[in-house]
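Chemist: Listed here are the chains, written in short residue letters.
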Amino acid sequence: MIRPIFALFIRSLREDNRAKFTPIARATLVLVILFFIAMNQRDFARRPAPGLQVFFLVMVINLFGLVIGGITAFCSAITEEKEDDTLGLLRMTNLSPVAILLGKGTSRLVSGMLLLISQVPFSLLCVTLGGVSAAHILKGYEVLLSTLFLLCNLGLLMSVISRKTGVAVALTVFTGTVLYVGAPMAYVASYEFRSGQPTGPMHDAITYLIANNPMYQLATLVYGSPGGGFPAYQSPLLFHGIAGTVCFLLAWALFGRFCSGTAESAPRKKKATAGAKLLRIPRPGTRAMVWKDFWFLTGGRRGLIARFIGYSVLVFGMLSLVLYNSNYVDSEDVGEMIMSFAGMGLGVELVLSSARIFGLERKWLTLSSLITMPISLGRIARHKVLGMLGSLIPGLCFVAMGAAIAPDSVRELIYHIAENQRNQATLFLYMGTHLLAVPLLTCWLSLKMRRGTVAAALSIGVLWNVIFGVLADEVFRSSQEGWFMFGTFLLVVVSLLLARGIARTLPLAAAAD
Amino acid sequence: MSDSPAIEITGLRHAYKSHVAVANVTFNVGQKSIHGFVGPNGAGKTTTLKVLATLLAPQTGNVRVFGMDIVPQRNAVRRRIGYMPDHFSMYRQMTVFEYLDFFGAAYGLNQKQRDQTIGDVLALTDMAGRRNDYIQGLSRGMQQRVSLARVLVHDPDLLLLDEPASGLDPRARIELMEILQELRSLGKTIFISSHILSELATLCDSVTILDRGNVKYTGAMRGLIAATEGDIAGYVFTLAMEHAALVPALSALPGVTTARLLEAGQFRYSVQFDKTTLAPNAILHAALACEAPIIAFQEEVKHLNDAFMDLTDPGVRT
Chain A
0 MIRPIFALFI RSLREDNRAK FTPIARATLV LVILFFIAMN QRDFARRPAP GLQVFFLVMV
60 INLFGLVIGG ITAFCSAITE EKEDDTLGLL RMTNLSPVAI LLGKGTSRLV SGMLLLISQV
120 PFSLLCVTLG GVSAAHILKG YEVLLSTLFL LCNLGLLMSV ISRKTGVAVA LTVFTGTVLY
180 VGAPMAYVAS YEFRSGQPTG PMHDAITYLI ANNPMYQLAT LVYGSPGGGF PAYQSPLLFH
240 GIAGTVCFLL AWALFGRFCS GTAESAPRKK KATAGAKLLR IPRPGTRAMV WKDFWFLTGG
300 RRGLIARFIG YSVLVFGMLS LVLYNSNYVD SEDVGEMIMS FAGMGLGVEL VLSSARIFGL
360 ERKWLTLSSL ITMPISLGRI ARHKVLGMLG SLIPGLCFVA MGAAIAPDSV RELIYHIAEN
420 QRNQATLFLY MGTHLLAVPL LTCWLSLKMR RGTVAAALSI GVLWNVIFGV LADEVFRSSQ
480 EGWFMFGTFL LVVVSLLLAR GIARTLPLAA AAD
Chain B
0 MSDSPAIEIT GLRHAYKSHV AVANVTFNVG QKSIHGFVGP NGAGKTTTLK VLATLLAPQT
60 GNVRVFGMDI VPQRNAVRRR IGYMPDHFSM YRQMTVFEYL DFFGAAYGLN QKQRDQTIGD
120 VLALTDMAGR RNDYIQGLSR GMQQRVSLAR VLVHDPDLLL LDEPASGLDP RARIELMEIL
180 QELRSLGKTI FISSHILSEL ATLCDSVTIL DRGNVKYTGA MRGLIAATEG DIAGYVFTLA
240 MEHAALVPAL SALPGVTTAR LLEAGQFRYS VQFDKTTLAP NAILHAALAC EAPIIAFQEE
300 VKHLNDAFMD LTDPGVRT
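Order-wise, the sequence lines are chains A and B.
Take the first sequence: its position 430, counting from 1, is numbered 429 in numbering that gives the first Met the number 0, and each next residue is one higher.
Take the second sequence: its position 44, counting from 1, is numbered 43 in numbering that gives the first Met the number 0, and each next residue is one higher.
Treat the hints as calculated values from the structure; they're not laboratory data.
You may find that some hints are simply not true.
Residues from chain B shown here face chain A by an in silico Cβ test under 7 Å; the list is partial [to be verified]:
id, residue
1, Arg78
2, Ser88
3, Gly118
Computed cross-link-like contacts, DSS-like style, restricted to lysine-lysine with a CA-CA straight-line distance of at most 30 Å [claimed, not checked]:
id, chain 1, residue 1, chain 2, residue 2
4, B, Lys16, A, Lys447
5, B, Lys31, A, Lys362
6, B, Lys111, B, Lys31
7, A, Lys447, A, Lys362
Nothing here was measured: the structure is a model prediction, and the numbers come from that model.
Think of the CB as a built atom: it goes at the ideal place given N, C-alpha and C, for glycine as much as any other residue.
Just chain A, same shape as in the assembly:
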């Protein structure tokens, strides 16, 4: 069994070695660490323990990148074989299910580990800034590596039970959210915790999950335990090791059930169902591309209904949690919260939609059919964007609802931006330009990369803002207004370049189909 496992493992290492992205990612992370150290070098006098802060920042960026990149990489381990119809070929070889899982999983795990380990010597330089010891740094990487192990096996499990990568990603995100975000929220929401009353097994479970939350572990490692019933730092190895191993064993056990074959279904015919009239797809009109993207890429009316339900659950779920925990909340607070939660959902939806505009056409190999129609590239792009905008309607409705409930907050925001504080206005403008730049970046990347577009775009966006923020804080503190205006200008230029890049790359991507 060892030889087949190594065959897959070595294949993946070779691919990793040939990939242009891997050395770029490693070099970027190292450069970011060196950048932070250089920025903080002159802060010895001004700040206590600058090394600690740099180290914490590096750890948080790593954790973010690890979660975003890891989810994309691990969730596609088996589904990519299913989507390419190559899983059957793998199963016909001498490879047992455990060999396939180990071969596909460990290679990605090792790639991630190498990405982290390659930074350790550079992160150790933080010791020179003071406030952090080598032991702290090694423990920090222990947290990251153990989280990576769990994420790898969780992603692998979801990849086994899902037919498509998107479903595997959604399941992993859901499980991860319950595991890592659910516990702190339950903690905050629980009256018992706040009143300090005696608690039962539920309390212990929540405390245990919080103690093993990587973000919490990093925070307690750097700043110490907050006390007051909050757990102290614990080694992450036991929880993540056991949970990761359980996920792997489950993936192994379920492999035969979910990966036994991809039987072709018999031709399906459309069936009239209850409510069919409401959900019936109309005939395309003069804007055929808008019609296609609305009905078949965003899900049409069915997709709209699903999104309305999703936003309702998100917004009202979060709202009820906050209301349960608060003594007094007025309508303005409720409106602001609805706007915030719906705005976050809208942001995620915007990035996902941008990745799908051309990404799905590439995946379905339909770009060449679109490009060879007698329609200009500009018109194709416009109509595709219009078709995708339909998916944003539910989120926009919730934002509008929030604004209607909290008119004073909106008025106040506009007043601040327009009249009062130019500093806020420039910051708002800078953040607003992201709504243009990030979707364009995602869209451009979707023409360049087959997988991991959203993760790459978000990582680039976060990295950009961290560096931009550090420079604003450290170098341009006296002229932040001008710095944010410069940032806005830069983002507009980048957006224009990306739009041009999309127009140039689109025909090439179509020809490469």
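With chain A's structure known, arrange chain B on it following the hints.
Modeler: Coordinates of chain B only, in the frame set by chain A:
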């Protein structure tokens, strides 16, 4: 419709970085004909087809479709061509009708025109009974028919088909060829690529053979064998028993290029000679002179595949 050829390619060259996919391609295709475009894998067929389909701009050379230059008149060309790539390029979550309806609308047909055209193309491709089936549930052969129906939906004059028969079973191949013959009778020009010459032998009026980015032959299908023969003729002797003196006797004749035993058990001998210096009678005379027990003496029949092998070089294309 003008009298210009359906396709005119002159000195086409296209390279992907340092790799030259198409080195020097020149040929014409007449209107209302079926033209085969044949070559081994990696010969440059798909690149040439992508240039014709306006997906790639020619780096050098001139490409015209119905007299229109494909670069400045790209949109006019696109209205008159239907391109079917060598892979399934489909929205598999649509039904057959929705798929064709979308492309009809995108090409600017109104609803009435679409109803009429979709009915026609579904009847032509024998898919009328499947109009409400989801594409993802169709077999490969049926998906290929839907692809062909999609290409026809805007009634193009020129069909560019990239290896449409690959992956189809023998029955589906034959049925596809029948549909293409019917399309020719409807006045369409069909440009079809394949790496199997024999597949196109009965279908095509003319053929272009491409190898390593260069045209090896272009012209009528029936002229292909003659073109590969040149001045060399080939004859075959069938003897009653093995006759060791025959090969030396034939080899000694001036103008004979090769003389060899073909199949040992059946006592068949092949002889190739320059027909400008030697007549078949002289060959027969020499064989009789060495007292070979001749049963039959006949001209060697060259097959299309032999012609193809003669025209293309051995080895892997990169």
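Chemist: Does B/Lys31 lie within 30 Å of B/Lys111 when you go C-alpha to C-alpha?
Modeler: holds (28 Å)
Chemist: Would the hint on B/Arg78 stand, with a C-beta cut-off of 7 Å toward chain A?
Modeler: Status holds, d = 5 Å.
Chemist: Quick one, are B/Lys31 and A/Lys362 close enough, alpha carbons at most 30 Å?
Modeler: violated (35 Å)
Chemist: With a cut-off of 30 Å on the C-alpha distance, tell me whether A/Lys447 and A/Lys362 pass.
Modeler: Satisfied, since the Cα-Cα distance of roughly 12 Å is no more than 30 Å.
Chemist: Please work out if B/Lys16 and A/Lys447 have their alpha carbons no farther apart than 30 Å.
Modeler: At roughly 17 Å apart (the allowed maximum being 30 Å), A/Lys447 and B/Lys16 satisfy the hint.
Chemist: Hint check: is the beta carbon of B/Ser88 less than 7 Å from a beta carbon of chain A?
Modeler: Where the cut-off is 7 Å and the nearest Cβ of chain A is about 5 Å from B/Ser88, the hint holds.
Chemist: Let me know if the C-beta of B/Gly118 comes in closer than 7 Å to any C-beta of chain A, holds or violated.
Modeler: It is violated, given that the least Cβ distance between B/Gly118 and chain A is near 14 Å, above 7 Å.
Figure legend: structure checked against the earlier numbered hints; hints not met, in rising order: 3 and 5.
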